[in-house]
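Peer 1: Work out the full structure: start from the sequences and follow the hints.
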Amino acid sequence: MDWITAMTSVAKTTVLGLTEEEFIHPGNRACAGCGLSVLYRIGTKALGRDCIFVVPPSCLTVMQGLYPIAASQLPIFNGTFASTAAIATGVRAAMKRLGKQTQVVAWAGDGGTADIGIQALSGALERGEDIIYICYDNEAYMNTGVQRSGTTPQGSLTTTTPYCGKREGSKNVPAIVAAHNPAYVATCSAAFPLDFHDKLLKAKQIRGLKYIHIQTPCPPGWGCEERMTIKIGKAAVESGMFDLYEIENGQKILSEPSRRLLDKSRQRPVTEYLGMQVRFKALSKEQVSAIQEGVDHKWEEYRREFGEG
Amino acid sequence: MSEKRIDSGNAAAALAVQLAGAEVIAAYPITPQTPLTEKLSEMIAAGKMDAEYVAVESEHSALGVCIGAASAGVRTFTATSSNGLLYMSEQLHWAAGARLPLVMCVVNRGVGAPWSVWNDHQDAISQRDTGWIQVFAKDHQEIVDMTLKAFRLAEAVHIPVMVNYDGYYLSHTYMPFELPEAQAVKDFLPPYRYLHALDPQHPESLNTVTLPDARRDIHGVRQGGYMDIRHNLHQEMRQAMELWEEIDADFRQRFGRGGAPILDPYRCEDADFVVVAMGTLANQFHDVVDHLREQEGLKVGVLALQMYRPFPTARIAAALQNVKGVMVYEKGLSYGNQGALFADLKSALYPYPNHPRLHNYIVGLGGRDIRTEDLQRTLKEACLQEQQVAPEQQDTPQWIGLQL
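Heads up: the protein sequence lines correspond to chains A and B, in order. Mapping to numbering that gives the first Met the number 0: the first sequence position 63 is 62, numbers consecutive. Mapping to numbering that gives the first Met the number 0: the second sequence position 329 is 328, numbers consecutive.
Hints listed in this document are in silico derivations from the structure and should not be mistaken for laboratory results. All values reported here derive from a predicted model rather than from experimental measurement. Watch out, some of these pointers could steer you wrong.
Stated by the list, open to error - Pairs of lysine-lysine, DSBU-like flavour, derived with a Cα cap of 30 Å:
id, chain 1, residue 1, chain 2, residue 2
1, A, Lys99, B, Lys47
2, A, Lys297, A, Lys230
3, A, Lys95, B, Lys47
4, A, Lys203, A, Lys251
5, B, Lys185, A, Lys95
6, A, Lys99, B, Lys3
7, A, Lys203, A, Lys280
8, A, Lys170, A, Lys251
9, A, Lys297, A, Lys233
10, A, Lys99, A, Lys201
11, A, Lys203, A, Lys263
12, A, Lys11, A, Lys203
Peer 2: Encoded structure:
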């Protein structure tokens, strides 16, 4: 049964080991402090030149430059909002016909993935298309000016959930994806770009659909200073609110930054994370307690599942 | 060797797509197009056709897959009907704007609500402004020939082509048709090319956000803005008419069929009155025209419009400006106005001083039976109309076969 349970492995990359080659030009249209710009720069270093991007309307569309200027040195197909995974399927089918190994990478936001794009994604997952699908989740429709999305957390203020914050909870998109039994599912954070880098290296080695979901802090959308992007991303992981893990061959493992939290003493209170962002200022004390309880409950489960003793 | 067959219109379309060498097929089943999709998947599974069949979860994705594959340098095909076409609508605009040489068969069917699976032209008519070239076939042979020519035209002008044929009237009826020899089709249809194929060796960012004004690229060369790009689409679509005629002439030389790629007239040479219609309806009028000529002594003819977009304005005007009356019978309309074809035709004739009297008839919506005697009666009445009718009344479409 070894072949079923074997997990793909890659050597851990450090800042020193990262390629110096740049694929994304500086001076692009990303906002100051943009979590996506970190991911895009580091992600393309892992992907290399032999890839084709498919991108729906999103902040990335704008970041990549306005015609006839491009911020990226890679081929990109900008397509309709709901069809990222379908267009990527078509590009992959063409590569197969042309006998090329070129990696097809769909890169979409939470709206393009969890909401308007979920049908095409579900279809591609069910067909097991050999593509990498990356969702950078900044937890609201940021490109159109911070409206709620399916992944906006409960209680979060957006322009369409003003005053009291979003009433409903968020969709667990990686779990929805995992329910399709794809080749690989991973969660990442913009605060841990090398973890993302190495998960991409791994994804490149796996055939079938590889889905990577990245929590991506957005200073203008989340209401924080530009310098706080990485700090907030780390606080999300270190408080146990956002978990980094991989699922390969149906087997789930926690990634290092989250695995540390199996030691309960390493788990920071959620108030640290919530308190850094204006979007959570409508939360009542009771709501904050409920969030803490939910996180604690989730981690008790994790400790039972993955804990050593 | 060419091959004679008796088969359904959907099979004819599938066999033409096989001959054309489409390499990526993505489609979602919808009545009455489904047997076409099934036939393609069957041929691929049986190893009779060397292509990828992608069983997508929707029409939106079907065209999405074709858009992706065509952008990456491979010949593609999809097909749909009715609400499936409408669900694709956004992708239709995208494919045309991206200048992708796609070919799609639309097996025409009424649009819901309420649900109808039967034939009319509202699906295609409602998508006339998407930037696709739209052609209409009248029989099985035309489905085969038009589909082959459509690939060549699309790839020559980098504009997608929609081959329309009537649901059930053609899709599910059996008729004889001839399939050209495979090698001859290869000679007729050069290998696929897309000028901006996605390629890491020559990276380009396609369909980027484009500003209202022209802008210089990093080499200092001025590149058009959105309006300029869209103007080019329009201009090159207008030029496609001439190219379609050239392609048809080449096809005729190779395969012996063709000669009326845009307007297909029947007994129009000396006609005082001409019926204009699209698809099988134009063929149904052959009997009507014969009857009225022989029994009533009326000089009538029928002009089948084979290409609806780009609209052959000058050719229509040249063909019709000197007749006494033009009767437009159509299976779709612009709700709240009049028949879409009628309005187009009227605008084509407007600049000419002696334009004929025009009549508009709406027929066969949602598969309502189109009775030949109704066509005969209304056409005869229109020909014999003597007294002046108020302009507004003359301009109002008459619905034939209503059961209210």
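Peer 1: Each of the hints needs a verdict: does it hold here or not?
Peer 2: Hints and how they fare:
1. Distance restraint check for Lys99 (chain A) and Lys47 (chain B): the Cα-Cα separation of roughly 23 Å lies within the 30 Å cut-off, and the hinted pair is therefore satisfied.
2. Between Lys297 (chain A) and Lys230 (chain A) the alpha-carbon distance is near 22 Å, which keeps this suggested pair within the 30 Å criterion.
3. For the hint linking Lys95 (chain A) to Lys47 (chain B), the alpha-carbon distance of about 18 Å falls within 30 Å, and the restraint holds.
4. With a CA separation close to 19 Å, the supplied pair Lys203 (chain A) and Lys251 (chain A) stays within the 30 Å bound.
5. Taken as a hint, the Lys185 (chain B) and Lys95 (chain A) pair is honoured in the structure, with Cα atoms around 22 Å apart against an allowance of 30 Å.
6. Our distance criterion of 30 Å between C-alpha atoms is broken by Lys99 (chain A) and Lys3 (chain B), whose separation comes to about 38 Å.
7. Proximity of Lys203 (chain A) to Lys280 (chain A) is assessed by CA-CA distance (about 41 Å); at most 30 Å being required, the pair is judged violated.
8. Taken as a hint, the Lys170 (chain A) and Lys251 (chain A) pair is honoured in the structure, with Cα atoms around 19 Å apart against an allowance of 30 Å.
9. Simply put, Lys297 (chain A) and Lys233 (chain A) have alpha-carbon atoms about 18 Å apart, close enough for the 30 Å limit, and the pair holds.
10. A C-alpha spacing of about 20 Å is found between Lys99 (chain A) and Lys201 (chain A), which places the hinted pair at or below 30 Å, so the restraint holds.
11. Simply put, Lys203 (chain A) and Lys263 (chain A) have alpha-carbon atoms about 34 Å apart, too far for the 30 Å limit, and the pair is violated.
12. Proximity of Lys11 (chain A) to Lys203 (chain A) is assessed by CA-CA distance (about 15 Å); at most 30 Å being required, the pair is judged to hold.
Consistency with the previously given hints fails for numbers 6, 7, 11, ordered from lowest to highest.
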